Amino acid sequence: MRFEAKLAYRHLVSGGGQTLLTVAAVAIAVTVIIFINTLITGVQQRILKDLLGQLAHINIKAPNPAPKTLSDVMSKTEAPSGNAPFFSTDRQKQVQQRNDIENWQATEKNLAQFPGVRVVASAVRGNAFLIAGSKRLGITVSGADPISEEKIVGLQANMIAGNWLGIGPEDVVIGWRLAEEAGVQLGDRVRLESSQGVSAIYRVAGIFDTGNNNVDLSQAFMTLRSAQSLFAMKQDVSVIQLKLNDPFQANIISDQIVATMPYKVDSWMREQAFIVNAFQSQDSTRLMICAFALLASAFGIASVLIVSVIQKSKQIGILKSMGAKDRQILIVFTLEGLGIALVGCLLGCLIGYGLLKLLEGIPQAARFGKVDKLFTIIYDPAIFGGACAAAIIATLLASWLPAQRAARMNPVDVIRGG
Amino acid sequence: MTLTAPAGGIPAPPATPIVQTTGLRKTYGLGGPNPVEVLHGVDLEAYAGEFVALIGQSGSGKSTLLNILGALDTPTSGRVLIDGVDIEKLDSNGLAELRGQKIGFVFQFHYLLDEFTCLENALMPVTIRKGAPDPADTDYAKRLLARVGLESQLNKRPGQMSGGQQQRNAIVRALVNKPKLVLADEPTGNLDSRSGAEVFALMREIAHETGVAFIMVTHDDRLARAADRALRIEDGLMHDAQLGVG
Ligand SMILES: Nc1ncnc2c1ncn2[C@@H]1O[C@H](COP(=O)(O)OP(=O)(O)OP(=O)(O)O)[C@@H](O)[C@H]1O
Ligand SMILES: [Mg+2]
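These protein sequences, in sequence, are chains A and B. Note that my numbering has the first sequence beginning at 68, numbered continuously upward. Note that my numbering has the second sequence beginning at 2, numbered continuously upward.
So that you can see chain A by itself, here it is in the shape it has in the complex:
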């Protein structure tokens, strides 16, 4: 082995430009793979965080009663249509048809037993109007124990004014866009009027900025007790929310739950199918880019090595005349491939790391004094390792043919050549 390693090393060192070319091919492939994967993973994680940060992975509701006709629903709706721009008949239907989960404490315990379930939190959710001065804004109100609801929505980190954890029964927490729209500030009082016709005054105890326009414009949070009375629900809840260890298990786990409970179970992956589809097409794009990078680098390396083997055919012949076995020659050229791969991987990792560091430094336009990074960069050892493993395998495959060719070379033919 020492002979083979020594010869391979000398070949690479004296190869100069050829060696640099092949090392660069591996390095570029590794850089591309690291860069693309980290970037797309970062983007996806960011989307997931922004989207799922405020969303439960699975929502469990009581099943809808028999559907009612639109006119039936319309006749029972007292909402003045002029001020409610986003009122859909679907939403009205949900509002009108009360389907509460009774005995939810027992159901929560059951759900917590499912493998993969990380958090279980029950909430009352309903539609209401926020009335401030002359403004009448349609919003969704969630009422839950702040401590457990926090594990679903993660609001505390997004508070830009006031407080969320530890709010009292008179308090409501709203998004900054809603506050702006309604012209209210921290500490101001607002009236909420539920679709059940209950109305009460609350103090704006906190304002949040989740970065999700929809949430910031139309969501309000309060305690479970307050919401139960706002929506006239006694002790019941309207939804049990789950967070999973792996959000992408949502369909599987929701199917398991459906099989055991008489409830309507919604997975975020079905409700936000477009995101999941977008992720899938991103994943296939990145796979293609990585495959092409590897393929291009492998072909480059194979052709350079073939040329180098042909250039060295005399040397190979003379080595064989001195007793070198076919296997030894095979090892020499395979080791060259391995050497190229290892140096290329090291270089690729360094360049990839450097590029990501540069990218990470780009700040996002600041809002409310929070300076965020434009790109979410996670230095995932699995991505770096995977890129190197793929590049090493591709390079070894690329050097296989040249090495075979070298090993099979007939010494008489090459020595005769003169």
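Please keep in mind that the hints were generated in silico from the structure rather than gathered at the bench. Computed from a predicted structure; not experimentally measured. Relax, there's no trap hidden among the hints.
Just some of the chain A residues that point at chain B, by a computed CB distance under 10 angstroms:
{"#": "1", "residue": "76"}
{"#": "2", "residue": "78"}
{"#": "3", "residue": "477"}
Straight-line C-alpha distance at most 30 angstroms; calculated DSSO-like pairs for lysine-lysine:
{"#": "4", "chain 1": "A", "residue 1": "73", "chain 2": "B", "residue 2": "157"}
{"#": "5", "chain 1": "A", "residue 1": "176", "chain 2": "A", "residue 2": "331"}
{"#": "6", "chain 1": "A", "residue 1": "310", "chain 2": "A", "residue 2": "176"}
{"#": "7", "chain 1": "A", "residue 1": "381", "chain 2": "B", "residue 2": "157"}
{"#": "8", "chain 1": "A", "residue 1": "176", "chain 2": "A", "residue 2": "116"}
{"#": "9", "chain 1": "A", "residue 1": "176", "chain 2": "A", "residue 2": "301"}
{"#": "10", "chain 1": "A", "residue 1": "392", "chain 2": "B", "residue 2": "181"}
{"#": "11", "chain 1": "A", "residue 1": "73", "chain 2": "B", "residue 2": "131"}
{"#": "12", "chain 1": "A", "residue 1": "301", "chain 2": "A", "residue 2": "218"}
{"#": "13", "chain 1": "B", "residue 1": "131", "chain 2": "A", "residue 2": "392"}
{"#": "14", "chain 1": "A", "residue 1": "116", "chain 2": "A", "residue 2": "128"}
{"#": "15", "chain 1": "B", "residue 1": "181", "chain 2": "A", "residue 2": "73"}
{"#": "16", "chain 1": "B", "residue 1": "181", "chain 2": "B", "residue 2": "157"}
{"#": "17", "chain 1": "A", "residue 1": "310", "chain 2": "A", "residue 2": "128"}
{"#": "18", "chain 1": "A", "residue 1": "73", "chain 2": "A", "residue 2": "392"}
{"#": "19", "chain 1": "A", "residue 1": "392", "chain 2": "B", "residue 2": "157"}
{"#": "20", "chain 1": "B", "residue 1": "90", "chain 2": "A", "residue 2": "381"}
{"#": "21", "chain 1": "A", "residue 1": "392", "chain 2": "B", "residue 2": "143"}
{"#": "22", "chain 1": "B", "residue 1": "143", "chain 2": "A", "residue 2": "381"}
{"#": "23", "chain 1": "A", "residue 1": "176", "chain 2": "A", "residue 2": "218"}
{"#": "24", "chain 1": "A", "residue 1": "381", "chain 2": "B", "residue 2": "179"}
{"#": "25", "chain 1": "B", "residue 1": "181", "chain 2": "A", "residue 2": "381"}
{"#": "26", "chain 1": "B", "residue 1": "179", "chain 2": "A", "residue 2": "392"}
{"#": "27", "chain 1": "A", "residue 1": "310", "chain 2": "A", "residue 2": "116"}
{"#": "28", "chain 1": "B", "residue 1": "181", "chain 2": "B", "residue 2": "143"}
{"#": "29", "chain 1": "B", "residue 1": "143", "chain 2": "A", "residue 2": "73"}
{"#": "30", "chain 1": "A", "residue 1": "331", "chain 2": "A", "residue 2": "218"}
{"#": "31", "chain 1": "A", "residue 1": "392", "chain 2": "B", "residue 2": "90"}
{"#": "32", "chain 1": "B", "residue 1": "131", "chain 2": "B", "residue 2": "179"}
{"#": "33", "chain 1": "A", "residue 1": "73", "chain 2": "B", "residue 2": "179"}
{"#": "34", "chain 1": "A", "residue 1": "381", "chain 2": "B", "residue 2": "131"}
{"#": "35", "chain 1": "A", "residue 1": "424", "chain 2": "A", "residue 2": "116"}
{"#": "36", "chain 1": "B", "residue 1": "131", "chain 2": "B", "residue 2": "143"}
All C-beta atoms in this analysis are idealised placements derived from N, C-alpha and C, irrespective of residue type, glycine included.
Given chain A, work out where chain B with the ligands should sit, using these hints.
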């Protein structure tokens, strides 16, 4: 270094030859449209410590014979025994081992490895066989290099040496594994007559000193005359060469 040559100058042939061929035939293009038989049944013996010159017209089959003797090529029929081993019975690994242990080659071109120094090139056969040379090997290589006047060139690359020096380096490489048989195909063919004569003289002396059987192909009748024995290939057969004196 000791000389094995007795007082007479020509060593008495030992009982068994280092290399022996019987009825050696070689046909090129066998199975093709026009096969050519180059060797028509060559019988040859060479003994330890013997320096044999092989002459013949261009295209008479000298290189063909040498490649077969060196286990680089196989005969179409006939037998080749190298140090008592029938090469027909060896697979490609066995042939490689035989070449590494018992045979040294010197070609018309030095074929030194550009990536290695003079000393490393000289030690290449040992490196191939053992992985790395041990101190005794290095010592032996240095002594041989000193013997051919390369003691001051140990760390030079082939490109930094003269043609004669390169060829002397190649001769040391052929000897470093202490082979039984050294085959040289026109080793001086690429050198001017002065350094050619020097290289030839060295080879002959070292052959006698080390006791190897040395077979050298040459076109130069004067060199052939200085060998212990000269053979001529003609019409695919082996003859004792009749070389006029002078
Ligand atoms: N691989 C081959 N295929 C077909 N014919 C070959 C092959 N190698 C050699 N020959 C032929 O065999 C004959 C002997 O060739 P060889 O090289 O042994 O001659 P030589 O005596 O060494 O000649 P020279 O003095 O020119 O080196 C030549 O006619 C040559 O054309
Ligand atoms: Mg020849």
